[in-house]
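Number of protein chains: 2
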Amino acid sequence: MVLSTNTGVANSNALAALFEPKSVAIVGASANPARIGGRPISYYLKAGFKGDIYPVNPKRDEIQGLKCYPEIAAIPGSVDLAILAIAATAVAGAVKACGEKGVKVIVLFSAGFAEVGEAGDAMQNEVDKIAQQYGIRILGPNCLGLYNGDNGNCPTFTSGLEGGFPRAGRVGLITQSGAYGTHLLTMSKSRRLGVTKWISTGNESDVTVAECLEYMIDSDSVDVVGCYMEGIKNPEILIRALKKARAAGKAVTIMKVGVSEVGSEAVQSHTASLTGSDASFQALIDQYGALRAYTTEQMFDILYAFSLSPRATGSKLGVLTVSGGAGVLMADVAEELALTLPAMPAETQARLSARNPLGAPRNPVDITANALNDFPLVAESLDAMCDEGGYDLLVAFFTSLIGSPVHGEKLLKVFSEGVKGQGKPFALIGQAPVEMLEKYEAEGIMVFEDPSRAVAALSALAKFNTSFNAADEDEGSLPEIGQIDLPTCKIAEAEAKALMAKTGIPVPAEDVVAGPEQAAEAAERMGFPIVLKIVSADIPHKSEAGGVALNLADADAVKAAASLMLATVKEREPTAKIDGLLVAPMIGDGVDLIVGTQRDPVMGPVVMVGLGGIYTEILKDVAVSLAPITPKRALGLIESLRGAALLKGVRGQEPVDLNAIADVVSRLSVLATQNVKGIESIEINPLRAMPNGVIALDALIIAGEQSE
Amino acid sequence: MVLSTNTGVANSNALAALFEPKSVAIVGASANPARIGGRPISYYLKAGFKGDIYPVNPKRDEIQGLKCYPEIAAIPGSVDLAILAIAATAVAGAVKACGEKGVKVIVLFSAGFAEVGEAGDAMQNEVDKIAQQYGIRILGPNCLGLYNGDNGNCPTFTSGLEGGFPRAGRVGLITQSGAYGTHLLTMSKSRRLGVTKWISTGNESDVTVAECLEYMIDSDSVDVVGCYMEGIKNPEILIRALKKARAAGKAVTIMKVGVSEVGSEAVQSHTASLTGSDASFQALIDQYGALRAYTTEQMFDILYAFSLSPRATGSKLGVLTVSGGAGVLMADVAEELALTLPAMPAETQARLSARNPLGAPRNPVDITANALNDFPLVAESLDAMCDEGGYDLLVAFFTSLIGSPVHGEKLLKVFSEGVKGQGKPFALIGQAPVEMLEKYEAEGIMVFEDPSRAVAALSALAKFNTSFNAADEDEGSLPEIGQIDLPTCKIAEAEAKALMAKTGIPVPAEDVVAGPEQAAEAAERMGFPIVLKIVSADIPHKSEAGGVALNLADADAVKAAASLMLATVKEREPTAKIDGLLVAPMIGDGVDLIVGTQRDPVMGPVVMVGLGGIYTEILKDVAVSLAPITPKRALGLIESLRGAALLKGVRGQEPVDLNAIADVVSRLSVLATQNVKGIESIEINPLRAMPNGVIALDALIIAGEQSE
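Going line by line, the protein sequences match chains A and B.
My numbering applies: residue -1 is where the first sequence begins, and numbers increase by one.
My numbering applies: residue -1 is where the second sequence begins, and numbers increase by one.
No lab work stands behind these hints, which were simulated from the structure alone.
All values reported here derive from a predicted model rather than from experimental measurement.
A couple of the hints might just be wrong.
Copies of the same chain look alike in the list, so a pair counts if it works inside one copy or between any two.
[Stated by the list, open to error] Mimicking DSBU-like on lysine-lysine, the simulated pairs with C-alpha atoms at most 35 Å apart in a straight line are: (1) Lys187 / Lys646; (2) Lys618 / Lys411; (3) Lys540 / Lys65; (4) Lys568 / Lys57; (5) Lys418 / Lys187; (6) Lys127 / Lys99; (7) Lys57 / Lys99; (8) Lys408 / Lys44; (9) Lys57 / Lys408; (10) Lys495 / Lys314; (11) Lys575 / Lys65; (12) Lys618 / Lys461; (13) Lys411 / Lys242; (14) Lys531 / Lys575; (15) Lys500 / Lys127; (16) Lys408 / Lys646; (17) Lys568 / Lys65; (18) Lys437 / Lys44; (19) Lys187 / Lys540; (20) Lys57 / Lys675; (21) Lys65 / Lys99; (22) Lys187 / Lys437.
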């Protein structure tokens, strides 16, 4: 298992030369703009790049109108960025030449490295080593390069820039896969998305998706980023980038593939990256407020919505429609996606009903096809929704009317005036020619053809709002568990329980004492109620010998029971050798949970909590988070369980102590985090949760040095 | 609660005049082709309708070039279909006039009927009554009419036909909502869908979605139908239509809205139809092999796939790609949607690897961007997949290459030759100009931009294949439970249990007998093991008195225990009056389930089975089907439970008797079906399932006359 050599100290300055070079050399330059070594030059020229462009090719003096140099050393000025469009076997030498020239960053198109197996892997390592010696950053290998619309920087051979650059805008796209990245770039153009930066990271021998994300989040010209990734190499940078994004109110949507068995295998054969477990990745996404996109269109819809709309202020959706059917459909989707549809105020409803008796004024506000005969109805209804409805988000279904020669321009005016100054996300559902769509979009109005997608996009905006607000939330602090020395070998059950106790997790106490006084003292230490048992190898049936006393409520009861027990046993089993009295707390009824940590090869320790036994085994009802987590976040995890109601008291049972469970989850997560190298996994199973606390009835720790 | 007045005897002949009239009258005809009374005439003329068209308007002699009649009676020939484009208040009179004229069917555009409340409802009932008197069928009111491309029949004012009719094809669209139906029609045109029939049913005072579906399924010109509905009025016709569709290998996809609370309310305010419970509706869909579409695009993708592709033969998906990333993505989606991705045969993999060392030959077959430099690779790989891979479905990711001026035509040739004669559904992912897309589609190749949607469409084809195959499956027969007389009043627990017993469902037997011989006889009747208890009001602690014997394995044991019991009790409690011996079977450990039936206001009785207690209460782990069902189908339901593994033995427990559970579910469904009017609901909770049978430990029947 090869972990990234990336040190994680990346910051945006390190990538400045990649995105904003002053001078560029193309090693392997071609006069043919259709070839890999020709395309970037052609793109640079078309994009109006202001810096210096130096084609390098020993066979030519001039390429695409530019002076060509026989080797990189021959270039007169300094070179920030070098593109290597050459065979894999020639790369090591070229990197060395770049190093001597003082190149800051290399965009390495060449394939045939780690993605093709051991030999390629060795070659990639060699190239890395040379680059590190010279302090050169590398994008790739096996990548398609990047595009920066801000300055016309185009070190890429993607066919996605053929036929034109994306329109101006504030969207960033990051993709591990080159060919899929080209697909995304092409899609973004047909979807009128303003993509200002696009980058393909390939094998990520050095520069990773996470670093590119951090760079884009730091950039003033990007508001929203879509990432396509197969695996994540440096989650710590991803986390830092997501935190920055949340703090800055920038949206990140991530499409991560390789979840399925075959897909995950295909990732391994296809790139050199590790995928980590999907549950861990999902936990990271959830925790830091990015939105997972499960389909490409979902990702585009989120990018489209966030790049066009004002920031959402909440989750209350107002629905305006000329079709009752579409209204019902949108209400369904909204409920599914946790948006609410509060009714319009009663007086407003009464007014609208009087105005349009065939309509429905509640919400969805259905103005029916009457809108065509009585046009002011549209503006009046929209105004009422904006001014009196108190909605955070608006959606309006007007089907092909929005693009019709008769109604289109009128509707455009009504809608843009209606939402002007409201600062509310507004999605329109309908069909219109592209020129008309562009007019709506210029007013900040989104247009969708499928109502479900419109509502989903609005719900994404509401989720980002929640996430941005959560950035400032006080989560409390992590519990202090002090320094705990771990045995390095196999950890036995008793030792595991002792470790739990040191971590501050309640475990059953047991003590063997000599007589009634000591039993009472031990009981005081443990807390009541108490169980007392005779300790003697000679007495097989303790109950019949009078050697068991349950449910002792206080010290006096313990003392009395102990005296009676010693006397009774002596009478019934006069020959038995008595070794003492075992004192233990009574463990009450409750709900059993499973709490554990697991070291993810990529994400590091993750913590999970689930309902125990069959719930976990059969129903997979568990919640996962990256470790460490505060008790507050742990509580959130517990409450997210499908079966959480079980913990809150069903059928007249008392609710169990949720805070005590949360404390255990949090402490375990801290223990795992403080001992990343020493602990592979911990499992408390069961953790008995009771109305007045919890107790770890069994614990298993798998120790293990982390492979490097 | 108003149930449909529709008698359910609809058949396709009854709708022939609606879809294929020989002559048409437009009452309320307008010279303005933009008006409701003018549009249908304009459409009829454009569509080249061959029958007679009679505008009716007392104010004009000629309309849109046609002779106009002052009233319907004045029309010289017979009239099959009359469109009423007049105010609601004038409708009753017009229907009467149509009746006198011998009109067969009316398309009633007018709004202001049941959808606006009580007054409108009364008016609708009046119109219905008149129509019934004359035997006239009504489409609407509050509908947008229909379009039949086969004969140019256009009794509709939908704006969805403005700018042209849909292209020729074999798709049918049925919609309850008019405005949403227009949206669908417009979408179908931009999506190049060949829609031959489209109908909007509105309030469904008479003609329903289900009848239209049956008509379309019966039609030779339709292969696949999409329905948009808010509620279903006559499930029996829907079922009949779906059965016919399955038998004929025609696909039906249904989008049903009104699932959410607000959505369901909005349906009520918006149409006059009842929605029924969504779970019951879903059960119907599942049972009869239609596919539920949750979004409009999903519905269109299914229609698109089924109308272009050959029928699928299974669920094995072969993935060809130039992007490893896209391959991974598609593998993920395939697994999610229950398609399998078997690997290519080892020899084929070896051959392809030798041919293209940078590629991946397993499946996904990733030929990488090499495809551009080595074009024959595409055809060779595709042929290998078709000839040696044994796949049922194929998907290929070629992004914008499929439409590129350089590669597009070459790829078109390779793909169409590759799939020719294979009879396999083939989806291509990429971007291309519309003219190019049409060329692919002409070859039966689907084109998608989003890989997830492509795989979902293929998975829908695989599901239809499964469903079509299931049409011939022998499901066994329903259990005979004979005639059971129900009490009409409240049914007490004992009575409920007795009813269960009559239904053939095991309930705990109990018998009070006089002595050992009779106890043994009773035990033989009940089956072993047996519990024996003394019956006496004078003995509060039966165990201490020797009055309980558990787990008696045979008749001799029962006899011996009874004799001993009588003797012991007599000795220990000499003054007690002994009333006899209670004989009951021992009920063993097992898994508790809940089995029930519920009368859905629309669908009739539905039956459900779930894991008992908290599983049902908290995890909502239940499966639902329309009643009645055979034991075989009941078994399928039980196995579909999330927690079904619990029944199959976990942690070393013996599996319980699934067939016995299935028998109970089936019998209960038959009981509910035979007594639709008398039973509102039945609940057996718990049904204890054991390794060797089941027993209903408690039962509750809520009787109730069905409201008419």
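Going down the list of hints, with the structure as the test:
{"no.": "1", "hint": "Lys187 / Lys646", "in the structure": "neither (51 Å within a copy, 53 Å between copies)"}
{"no.": "2", "hint": "Lys618 / Lys411", "in the structure": "neither (52 Å within a copy, 48 Å between copies)"}
{"no.": "3", "hint": "Lys540 / Lys65", "in the structure": "neither (99 Å within a copy, 109 Å between copies)"}
{"no.": "4", "hint": "Lys568 / Lys57", "in the structure": "neither (106 Å within a copy, 119 Å between copies)"}
{"no.": "5", "hint": "Lys418 / Lys187", "in the structure": "both (27 Å within a copy, 33 Å between copies)"}
{"no.": "6", "hint": "Lys127 / Lys99", "in the structure": "within (17 Å within a copy, 94 Å between copies)"}
{"no.": "7", "hint": "Lys57 / Lys99", "in the structure": "within (20 Å within a copy, 91 Å between copies)"}
{"no.": "8", "hint": "Lys408 / Lys44", "in the structure": "between (39 Å within a copy, 28 Å between copies)"}
{"no.": "9", "hint": "Lys57 / Lys408", "in the structure": "between (62 Å within a copy, 33 Å between copies)"}
{"no.": "10", "hint": "Lys495 / Lys314", "in the structure": "neither (49 Å within a copy, 49 Å between copies)"}
{"no.": "11", "hint": "Lys575 / Lys65", "in the structure": "neither (102 Å within a copy, 120 Å between copies)"}
{"no.": "12", "hint": "Lys618 / Lys461", "in the structure": "both (25 Å within a copy, 26 Å between copies)"}
{"no.": "13", "hint": "Lys411 / Lys242", "in the structure": "neither (38 Å within a copy, 50 Å between copies)"}
{"no.": "14", "hint": "Lys531 / Lys575", "in the structure": "within (14 Å within a copy, 43 Å between copies)"}
{"no.": "15", "hint": "Lys500 / Lys127", "in the structure": "neither (44 Å within a copy, 83 Å between copies)"}
{"no.": "16", "hint": "Lys408 / Lys646", "in the structure": "neither (55 Å within a copy, 65 Å between copies)"}
{"no.": "17", "hint": "Lys568 / Lys65", "in the structure": "neither (108 Å within a copy, 120 Å between copies)"}
{"no.": "18", "hint": "Lys437 / Lys44", "in the structure": "both (27 Å within a copy, 32 Å between copies)"}
{"no.": "19", "hint": "Lys187 / Lys540", "in the structure": "neither (81 Å within a copy, 84 Å between copies)"}
{"no.": "20", "hint": "Lys57 / Lys675", "in the structure": "neither (54 Å within a copy, 92 Å between copies)"}
{"no.": "21", "hint": "Lys65 / Lys99", "in the structure": "within (18 Å within a copy, 89 Å between copies)"}
{"no.": "22", "hint": "Lys187 / Lys437", "in the structure": "both (17 Å within a copy, 23 Å between copies)"}
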